[in-house]
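Chemist: Protein chains in written order, with the numbering used here: chain A, 1 to 482; chain B, 1001 to 1096; chain C, 2001 to 2484.
Simulated from the structure, these hints should not be mistaken for lab results. Please note that the accuracy of each hint is not assured.
[As the list claims (entries may be wrong)] Using 27 angstroms as the maximum straight-line C-alpha spacing, the simulated BS3-like pairs for lysine-lysine come out as follows:
no.	chain 1	residue 1	chain 2	residue 2
1	B	Lys1051	A	Lys79
2	A	Lys380	A	Lys478
3	B	Lys1051	C	Lys2257
4	A	Lys115	A	Lys164
5	C	Lys2334	A	Lys138
6	B	Lys1011	C	Lys2334
7	A	Lys450	A	Lys387
8	C	Lys2334	B	Lys1006
9	C	Lys2334	A	Lys130
10	C	Lys2275	C	Lys2257
11	A	Lys414	B	Lys1051
12	C	Lys2455	C	Lys2484
13	A	Lys315	A	Lys387
14	A	Lys418	A	Lys461
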Amino acid sequence: MQWEVVIGLEIHVQLSTKSKIFSGASTAYGAEPNTQACTVDLGLPGVLPVFNGEALNKSVMFGLAVGAQINERSVFDRKNYFYPDSPKAYQISQLYYPIVGEGYIDIDLEDGSQKRIGVTRAHMEEDAGKSLHENFHKQTGIDLNRAGTPLLEIVSEPDMRSAKEAVAYMRKIHSIVRYLGISDGNMQEGSFRCDANVSLRPIGQEEFGTRAELKNINSFRFVEKAINVEIERQMDILESGGSVTQETRLYDSQKNETRPMRSKEEANDYRYFPDPDLLPIVISAEEIEAIRKTLPELPDAKCARFMQQLGLSEKDAKALTVDRDMADYYEQVQQAIGDAKMAANWILGDVAAINNKNGLEFKDCPVNAEQLTGLLKRIKDNTISGKIAKEVFEAMFSGEGSGSEGDADTIIDKKGLKQITDTGAIETIIDRVIADNPGQVAEFQSGKDKLIGFFVGQVMKASKGKANPGQVNQLLQKKLRS
Amino acid sequence: MSTLDKSDVEKIAFLARLGVDEQDMPEYASNLSKILDMVEQLNSVETDGVKPMAHPLDAVQRLRADEVTEVNDRENLQAHAPETAEGLYLVPRVVE
Amino acid sequence: MHNKTIAELSAGLEAGEFSSVELTQCYLERINSLDEQLNSFITVTAERALEQAKNADAQRAAGNAGILNGIPLAQKDIFCTKGVKTSCGSRMLDPFISPYDATTINKFNDSGAVMLGKTNMDEFAMGSSNETSWYGPVKNPWKQDAVPGGSSGGSAAAVAARLAPAATGTDTGGSIRQPASFCGITGLKPTYGRVSRYGMIAFASSLDQAGPMTRTAEDAALMLNVMAGMDPRDSTSVDEAVPDYTANLNDSMQGLKIGLPKEYFSQGLDDSVAKVIESALQEYEKMGAVIKEISLPTSNLAVPTYYIIAPSECSSNLSRMDGVRYGHRCEDPKDLNDLYIRSRGEGFGPEVKRRILVGTYALSEGFYDAYYVKAQKTRRLISNDFNQAFNDVDVIMGPAAPSTAFNIGELTDDPITMYLSDIYTIAVNLAGLPGMSIPAGFVNGMPVGLQLIGKHFAEAKLLNVAHQFQQQTDWHMKVPASFK
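With the hints as constraints, model all of the structure from the sequences given.
Modeler: Structure representation (structure tokens):
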């Protein structure tokens, strides 16, 4: 039988507020256990939650960015369940009246086409603490520093049909929250996490198959792998006539397999009801409009502008706008040197390549936009060639310079990389190359024009790459044809 | 008439993670049934179109400024905790 | 000294007739010698009280004494008090030494008041007789076979027996007014949101409200002046100006429109209690008030509505008591569920368990709409009834309880009848209105309370109406024989 894959994602985004969603404790990552868990976060008897307005702001920004309806009245509910990382034995969330209603995003498919993925809703809630399963006197240790960190849970429609689409959706959401500045999106630190609902159905069938929920997948790579291995698992079951159990499963990246989560085995009845300690969140149409005015340019709009205004190709514009840090970097360099294409080629080429090679995010690139600007300016004014520029760039990447625009000049001087533009000096080299290669000269002169490349190469080599290639070409043509 | 039996009480008690002695089960079942009978009165009231009332004053939520106002007070907060080690609260081993 | 009101004691302190240390010692000695009979305190904080009294005397000497400076008070053991056991009447919190102070406690500390100790109460405020306390029942100072009412039974008994000039209470369905009625004192439950709930251990969040339990309305006004106000730590506290509650105590009753809900005088009301209420009403007529019969047609829905909403909220509020971060933890839990089930099973008493079970059931899948949402709708009908009634009257009056204090053990096997002892008080919590009980007379030597119900934020009016009655009567001055 032919199967169709159906995937829906629930993405949990930690909102980058300074303090927690319902208390004044810090949300900073990495503190000593329970040093950022105050009376409210610990769920002491008698404490009460007070809502952080910034979490609302950031959630509304997201809703507006995905074209969603913002609910002017939303309500916090309690989701009741016992677990040691949930100190009140309920999580404050929004079930019945979420802040963000239906919206959508467009993702790019591999064949170059676009697909619209529905966002069902997004709601605010509090994060749980962490269970540390190392052996503490044969017990589990509970750290509640993370408890109460604001989360926006973004629920998609079951619109995705492959693991690749799921990853493209997740990347797009990641790109949007980073653009909006509402989350640091740091997946290692758990600021951006994903649960995937995966099911199969025979092609052509309307009704959904039974789904499994894959919990807490914390990288783009693992999402793809986890979904694919889950698809295989379900397909094996279905092909052999079995049926899929509705359950929560955990992805084990080391074994590359999914397995049922023991702690979620007990059938849960969350007994949602409106939290009587909190009042309805009301936001007016005017307030929503005021937030809309603060929205930055988003990836799709920026991409379109790069194409129209700067004449970039769709491919380059898209590549430059996925990551806001890269786009900002690009714009800064582009404006400073006034050459959109050159800046794009460098950033998508050498800069991206060396970052990838070193496993760096764009924001962590050791060569900043000022430094690159200084370097590209020297190519443009013929101080150095593109080839020499790579050498200077690598020096910057390995830490030479002070991080300013003048670094290129300092390195060029220090290494003596300044381009030879003196006609006399270049002519001397050319004369020697012509004298050394009489056979090739004869061939060229008998009409083998392509050999000009050979001569340029020889001259560049003899000048240790410092001769200005344009000048070399021009002078060679003159001398060879005379 | 809602009558709860022992197995209903057992199920609810587990949801609430509440230990109830075996011998007390019948009494809880009977008391709970009586309470539920009493509240059944509400069923005869017409409430179509009535907005549920969550708070007596129908007020709306105040927003707190996003400021860190709490400092580390772990020592004080854990002083009387049942069991801690290295700043962590300890519970019987949890398997995920 | 111990028969004086807060207002009188404050004047005495200011005049230098006695110091706060002397006053505090006097009450500590009374508690020491008399509370054995009553069991009204769970914790007596003698050392701390004397320390606070010393500071209060120093403050007064420095010329910075407010009205409550140096006045000893008893605090219901539902308020978190830093460094002091805060048990909420439960074995679950018997080991709980609160690491922080409730807002109300902070406010009293700032006012220079002295805390004598923490008063006994029904476990987690669930009860109408103070019999559900882990620390044993409290006796009624008027008759020691009788209950003091609940849940603020310890506070009511302590004030009635002059073991404290005044105390705090909390009221979710009548827990200030019913014990005030049973013990012959003045109790005020303010408008929902008037007094901060921060640090007051939650029973039913949308109903709970703290208030003063005093001898006189004037004292209640002095206490409320300190307690009332918006608290940034409590989202449900209301940002409404706090008046001086003593300012209008002497306003005339001439032309005051009093509404009598006919439903409060029908079946279930003890005849002799009804007579006491009627004569109290005549007192108001003598002062020039006009009495008008009104109807609160949904009165019969109050108890069933309450017994959905309160248990539902409490089942969730009490889930945090799980033996992990504080409170009772069972011995040698074999796994996580065993830790939860046994710690909670051992920590909670039968009435608390009953309500957790009811609430858990009412919120569970398939029943939520039929129970909880339905009750929220009938709650609005009940509230609408009051709004309607207040179009025509200034204050509503009636009995605070259907009878005088019943005997210890009399109703423990019959939860429903026990619940019905709050029949006149519960609707007020559902509607979030302010309500009072003031001493109005006696039946067979047991006090009867008159209930006053006001519009939202009309505490000053209620206190005025209560004070005027206390200018004409001396029921509130009566002292139980063994505690003179």
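Chemist: Evaluate each hint against the coordinates.
Modeler: Evaluated hints:
1. B:Lys1051 <-> A:Lys79: holds (22 angstroms)
2. A:Lys380 <-> A:Lys478: holds (24 angstroms)
3. B:Lys1051 <-> C:Lys2257: Measuring from Cα to Cα gives roughly 30 angstroms; hence the hint is violated.
4. A:Lys115 <-> A:Lys164: holds (12 angstroms)
5. C:Lys2334 <-> A:Lys138: Status holds; Cα separation ~11 angstroms.
6. B:Lys1011 <-> C:Lys2334: Judged against 27 angstroms, a Cα distance of about 21 angstroms means the pair holds.
7. A:Lys450 <-> A:Lys387: Status holds; Cα separation ~21 angstroms.
8. C:Lys2334 <-> B:Lys1006: Given that 27 angstroms is the threshold and the Cα spacing comes to 25 angstroms, the pair holds.
9. C:Lys2334 <-> A:Lys130: holds (21 angstroms)
10. C:Lys2275 <-> C:Lys2257: holds (21 angstroms)
11. A:Lys414 <-> B:Lys1051: At roughly 78 angstroms apart (the allowed maximum being 27 angstroms), Lys1051 (chain B) and Lys414 (chain A) break the hint.
12. C:Lys2455 <-> C:Lys2484: Violated, at roughly 37 angstroms.
13. A:Lys315 <-> A:Lys387: With Cα atoms ~24 angstroms apart, Lys315 (chain A) and Lys387 (chain A) stay inside 27 angstroms; holds.
14. A:Lys418 <-> A:Lys461: holds (15 angstroms)
Violation of the numbered hints given earlier is confined to hints 3, 11, 12; the remaining hints are satisfied by the structure.
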